[in-house]
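Asks: Chains as they are written, first to last, in our numbering: chain A, 1 to 315; chain B, 1001 to 1489; chain C, 2001 to 2676; chain D, 3001 to 3219.
Hints were generated in silico from the structure; no laboratory data involved.
In this text, a Cβ means the ideal position worked out from N, Cα and C, and glycines have one as well.
Keep in mind that the hints are not guaranteed to be accurate.
Said to hold, decoys possible - Taking CB as the label site, the calculated pair distances span:
#, chain 1, residue 1, chain 2, residue 2, range
1, D, Val3098, B, Ala1024, 55 to 63 Å
2, D, Pro3007, B, Thr1195, 32 to 40 Å
3, C, Gly2520, A, Arg34, 36 to 44 Å
4, D, Phe3186, B, Ile1097, 54 to 62 Å
5, C, Ile2656, B, Ile1415, 20 to 28 Å
6, B, Thr1195, C, Lys2647, 57 to 65 Å
7, C, Arg2330, A, Trp277, 20 to 28 Å
8, B, Arg1449, C, Leu2010, 28 to 36 Å
9, C, Ser2560, A, His170, 56 to 64 Å
10, B, Lys1441, A, Arg286, 57 to 65 Å
11, C, Lys2602, B, Gly1362, 47 to 55 Å
12, A, Pro249, C, Ala2556, 30 to 38 Å
13, A, His170, C, Lys2602, 32 to 40 Å
Residues per chain are reported as follows:
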Amino acid sequence: MTLILSVFQAVLIAGFAPAVSWFIKKMKAVSQNRVGPRFFQVYFDLIKLFRKGMVISGTASWVFHAAPYVFFGGTIAAALMLPVIWKGALCGFMGDAILFVYLLALGRFFLVLAALDTGTAFGGMGSSREMFLSSLAEPALLLSFFSIGFHTKTLSLTGMMSVLAADSPHRVIFFVSLAFGAVLILAIAESGRIPVDNPATHLELTMVHEAMVLEYSGRYLALLEWGHQIKQLLFLTLLANLFFPWGIPDTFNAVPIVLSLLLYAGKIAVAAWVIGWIEIHFAKLRLFRVPDFLAVAFVLALLSFLGQLMVGRGA
Amino acid sequence: MTIGYLLAIPVVSAFCCLASGTKAFVRFFFVAGAVLLAAAGEYFVFTRAGQGNLFAFGGNLFMDPLGALFAALIVALGLLSAVYAGGYLFEEGPSAIPLRKLRRYGFFFHLFLFTMLLTVFANNLGIMWISIEGTTLASAFLVNIDDKKSSVEAAWKYLILCSVGIALALFGIILVYYSAALGVSGGGNYLLNWTFLAGRAKELNPQVMRLAFVFILVGYGTKAGLAPFHSWLPDAHSQAPSPVSALLSGVLLSCATLGILRFHILTKAATESPFSGHLLIFFGVLSVAVAVPFILDQKDYKRLFAYSSVEHMGLVAAGLGFGGAWGLYGALLHVVNHAFGKSLLFFCSGHLLHQFGTKEIGKIRGILKVNPLLGGAFFAGIMAITGMPPFNIFVSKFFILCGGFAGGHFFACGILLFLLVFIFAGFLRHACNMVFGIPEKTVRAERNRVMDGVLLAGVFFLVLLGVWVPGPLHRLILGAVSVAGGTTG
Amino acid sequence: MGKLVLAQFLFYVLGGLAGFLRRKNPEHSNRIACVSALAAGVSGMFYSAGILLSGKGIALSFRGGVPLCGAVFLEVDALSAFFIFLISFLSVPVSIFALGYNREYFGKKNVPLLGLFYNFFLLSMVLVTMARNIFVFLTAWEIMSLVSYFLVVTEHENPKARRAGLLYFVMTHAGTAFIAGAFWLLFSASGALAFDAFRAHAAMLSPGLKNVVFFCALVGFGTKAGMIPFHIWLPEAHPEAPSPISALMSGAMIKTAIYALLRFIFFFLGPVYFWWGAVLLGFGIFSVLVGILYALMEKDLKRLLAFSSIENIGIILLGIGMGVVLISSRQPIFALFAVAAALYHALNHAAFKGLLFLGAGSVLSGTHTRNIEELGGLIKKMPWTAACFLTGSAAISALPPLNGFVSEWMTLLALFSGVDCEGFGIRFFSVVLASLLGLAGALAATCFVKAFGIAFLGLPRSPRAECAREGSRSMKIGMITLALSCFGLGLAAPVIVPILGKLSGELTTEISGNIPLIHGSFLVFPGGWSQISLPWVFGVMAVSLSVIAAAMTVFAGRVSVKTGPSWDCGMRGLTPRMQYSGTGYSKPIRRIFSFLYQPSRKVEVEDEGYSVLRTAKHFESGIRPLFEETIYRPMAKFALYFSEKAKRIQTGHIQIYLGYIFVTLLALLLFTRVSS
Amino acid sequence: MSSEWIPSLVHFFGMMLLVASFGIIAAPQIMASVRAYAVHSFLLAVITVLVALAGHVEHLLISAALTVVLKTVVIPRVFSKMIHRLGVRREVESYANVPFLLLISVLLLFVSFYVTSGLRGLEPVFSKEFVSIAIFTVFFGMLVMISVKKAMTQVLGLLLIENGLFLLGITMTFGMPLLVELGISFDVLVAVFIMGIFMLKIRGAFEGIDIDDLTELKG
């Protein structure tokens, strides 16, 4: 039963990820008085890409071939550690939040290498920027986890969530709400959204993620895009389940599970809406302004921790 | 075998050299005299050293372990230097030295050895003084063997400064005599005999002894090259022919230090205070400190080595001042080690001068390419002199600093450690540009078997003494330490 | 066991000397040297592993030739065994690599001499860890410096190598002065040269003395370890040595300093003080950040690796420092974890930094340049080197499931465990330090993406890179061995960590031993915060990757794969010059950390043309080496300036000289009068 | 001779010694300096004789005779010959003027009395002040060596120091053992001759014996 539920969670994340993308796209379109894509369009796009043939640069080496798999695999492995609709996760036992961060880093490592592999200026640019931004985002994410972990006395993602869920809401809000702000900013940064990156443009001045995957086509592109969407959902799930952990069951009864599923969908929708709202209302920051933005995340996480230090430790 | 016979050997060789009619004869007497002296000397020293003090000439001369140690060193270095000079100065060719000068050289060389031996064997402090003055007079001619402007200048400064110094030392000796005449009864003719005074040191007037020690320290300190009395030293050592520089640096300075040590022992016992020890430490550290800028910023490699001698005499003085088994053992071992290390470097400098024709550090590059043996020996010498293992000076430096720390002289030791780093930096800075790299122009690359052999022997000694202090030497130094520590008369 | 120790010595000594027998044939003499070093390494690994597992040490005693210092007493306890294992373990693949690499020097260098230095270098490192007496320790330590100096100036025709050697040797000598001072202070307190006496006397040391000794040891060993700000020799010297030596210097030699620091802190100085840990943490985090930031700016591959060594030394210091802090905060269990993390990282760093240096060596011998701006596309020409270098890069970037990740994880948790201590400061800084370590990890990833990406991927940027050739078989074997060990050391964490835990527990009674750090295949943080299982991570990743691959072939079928030119948004005529350069790659970082780098740029503009179309004729940008320019160069300048001025006391005037004597005499007489 | 007036005579001559010392530095010409030195040495010899008479130490008479022969006859002769041979200019060339040097001499005199003032338990043959006068003479010799420019006058300064030593020896202790004293005298003689040889060499190499020329070696 555990196993089934856990596998289901992973499948859920993977399957649900394009939908979140769709949600934001649609939201944006509506705000611009456009119709926007249909719900299934995002899935069709992926399927199409999976079936298409590939053109691969002659310059590319095996790193180029390996990168999509490692990126996708790393993201999936991270996804397997995250509790979604149940307080456990398939691989929640195998590591902690630090592992989560570094699994994402593993995927990124290969992705940025692949971007350099074809020897194009765009690839190099995207790669350089991605590493630049992520070097600043990663410590902030770790700090956020440490800040929460200080409260929960555990660093395992499932553990953190269970502890928070068992805690009274006001304590959770009091102790970790600042960290929420930090993770929100990081979610934006890691999923490559405005104001950090603009996913909808291929403009040299603004591209980060897109510049890296320019040379990819077909199946590899599908893996990368999908992986990217999963990563985005992972961060939204973190937001939803770590900071609003209530109502997630730890039993296997059908009803709570279904309720939890609905609750999850709702929470994600809200989170996605927030992201979309920001995307609509803000312009992309200049590249060298982004560190300031990420610094806000760092400071928020630090303040969250500092607040707990001053007032007293939770749990 | 007595002290008298031993002392006769260099005198005879000196006159044989003077009387020789051809270069070959001069060379023969010159080298053979040194070989004979070394063989006889080492045999004598090591067979008789353990048997208590050995007196000669009515007690005016004697050999205790302390003197024996220095005597062993003098004859050994004399041998190395003579063998090296035998290859170095007697070479035929366009730059060959005329017979007249060689004769003079041989004469004064052996006379120099004689005066040094007399110094270390002297029991009568007056005789010791006379012989130290004698070393100055004899070696002044050796410094000025080629009558060049610069060497005349160096020799003149050497003569004047050391004569003044030695005069001051005599003042101190008279004061010692006076304090002995005052307080010690029944001395008679022995009043100036060190063995007698050391036995009755407690009866000496402490205040006069302090005053006397100040004069002695300044006086013999001038001869020993302690700063700030060292000014003659770089000039004389850099202008003398390399084998002579080796002797000057390696043993002459140490002989003067022995003079200081003898009085230090008396003063310490008489005053029962660390007064003299503290002065020794002060001037030791000062000598090391004064050497630093000259070593860091030096253009002439022979002067570089000369300043390093100032530094090492400073270390020896500091070690003697620190006292204790570690400090004394270290200082005495350091005398031996420094003698071998510095003489190797001066032998190398002779080689370098021969091959590159310059004393300037900046003009020498890539010794290793020109002459690997020389480059290796030179670098080994530099490493040895700066106190790197596995070379010998590391060991004695280690002991000296152990002595300092054991004696609680943290401040002095701290400064020493600090200064030694700069000295190392200075040496390495010069050495790595000289030894490594590509030579700028083609240089004479001739080899001389004898000289190469001496270099190899030198390196061998450096490493040998670095990993193993031979038993007889060890016992000799231990004996000397017990003399210096005042535990035996 | 004892026989294996002797065997190791014998192999080193004979291997070093036997090369001279075949001096005419460099191939043979190199083979003799390398194979004996290899054999020595293997025997070293055996006995050290045996000691680590059994916990029973070996003691050897030789009659010493130097009086007053007693017998040469060598002992291998668990701590020594660990570092001997580290050295021996690294020396094996490095020796294999050197078999092929040293062909570079045939006919140009004295190969037997090189072999002699190589073997003696290894021997001296081993002896450093075995010495149990100040004299033996300092001798081994200085010989290590001396021999490595010779190795650094192997290519002494190059003035840069000479300069690097000079800087290295002088700095390390200065460090030794501090070390010796620390030892002698202990000696003055305990009255003996033997380490046992120090340990026995540790509890009786006065606090002031302890602090001074700690300070001296930290500066001294910090210099050798490359701790910032005493690091400046490291990025100069490590790159100049032949690559196998660079690997050993970075992988093993700087660890001997860590060894000695541990020995000082935990054996000689008795109960530790809190501020020691704080200072270690300060230096550690400083080294970590500044080290990696400078590495990021490097375009010289080996210098980049050298700077990264500084970073990793910082990580190790963080572990040790946190251990000390935790001990003094009475958290012995966490302290155990922290020290174990430091030890583990030391071992891991040896593996991946050794690997990376070997990779750099392979690149160097294949292309004859270390400048990554001239490289590119090597992955095609040197596939094995590329794969190995990539493994090393991933490991040093702390990516799971490689070994770097495990020790970084442990260090992060050790730092984080400070939140369980009393005191606002510890709690606050432990988390800040942990996140800063995270920052450094991310920057390290950037740095190695740049190193690998620019050097191995894309198109060749110069003819040198185009003509690159893969190294010989032995070089490949050497690298592959290390690459595999990067995997192995990560996956074998459940085996290794208990050993390290036991070792750390035995260091001092202040650390609790016998704490299970392992549960099945899991590494368990003793506070119960966290656990991790690298085998599981590896397994999950492998499974998910194969599931994806299988799913794709099953559901999406086969698709056509065509090879074409790079698309590059439709640009045609892509040339290697259009690629991102290494300097460009790290430009964003350079900009936001400009306070540290103080970058300079020089642009020469062509005069013709309109201002909008004006093109640069020449562009130069660089960063300011802050520590050199603000600390060391002024110091050296001052020393030389001072010397120049001070030399004026030797005026040449004999009257002045007489004046010195006269004045001193007067002063002394007055002093004597006044003092009596 | 009555032994009561010997000490006062010795005192008188001691004071005369000081005057003679000042004469050396105040003399306008080298030869005058040398003569002042001869006077200084002669006074020393007189003191020696007096000490010998007072203490019935016969070997001091030999010393006195030696002093007279060596220092008042031989050495001044050698000097005048050297001056002749080397063609030295006659003036004493000094770095400081005479009043200044005299001022310093007075200071030195004070110092030499001060440093011996603390000595206790001394029973010198005549009086403690001879230690001071001897020290002063040594100081003064060094002052001469420092302040003059000619190699020749430097040697003179050295000889003055030697006189100081001699004075100390006889007034404090009735002289050293004869053997030592003879050796020392011999050494002094040899030193002067060797320095003479070197002065000739300097003259050969530098065309003058101005010590200011001897400053090539520095650093």
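Asks: Each hint should be assessed against the structure and marked as holding or not.
Replies: Evaluation of the provided hints:
Between Val3098(D) and Ala1024(B) the CB atoms are about 59 Å apart, so this pair conforms to the stated range of 55 to 63 Å. Hint check: Pro3007(D) to Thr1195(B), Cβ distance near 36 Å, so the stated range 32 to 40 Å holds. A C-beta distance of roughly 55 Å is found between Gly2520(C) and Arg34(A), which places it outside the suggested range of 36 to 44 Å. A hinted range of 54 to 62 Å is violated for the C-beta pair Phe3186(D) and Ile1097(B), which are about 31 Å apart.
Range check, Ile2656(C) to Ile1415(B): about 25 Å between beta-carbon atoms, so the 20 to 28 Å window is met. Evaluation of the 57 to 65 Å hint for Thr1195(B) and Lys2647(C) yields a failure: the beta carbon distance comes to about 44 Å. With their beta carbons about 50 Å apart, Arg2330(C) and Trp277(A) fall outside the hinted range of 20 to 28 Å. Distance hint check for Arg1449(B) and Leu2010(C): the Cβ-Cβ separation is about 35 Å, which falls inside the suggested range of 28 to 36 Å.
A beta carbon spacing of about 59 Å between Ser2560(C) and His170(A) agrees with the range 56 to 64 Å that was offered as a hint. A beta carbon spacing of about 60 Å between Lys1441(B) and Arg286(A) agrees with the range 57 to 65 Å that was offered as a hint. Our hint of 47 to 55 Å for Lys2602(C) and Gly1362(B) is violated, since their Cβ atoms are close to 32 Å apart. For Pro249(A) and Ala2556(C), the hinted distance range of 30 to 38 Å is satisfied, since their beta carbons lie about 36 Å from each other.
Taken as a hint, the range 32 to 40 Å is violated for the pair His170(A) and Lys2602(C), whose Cβ atoms sit roughly 60 Å apart.
Of the numbered hints stated above, those contradicted by the structure are hints 3, 4, 6, 7, 11 and 13, listed in ascending order.
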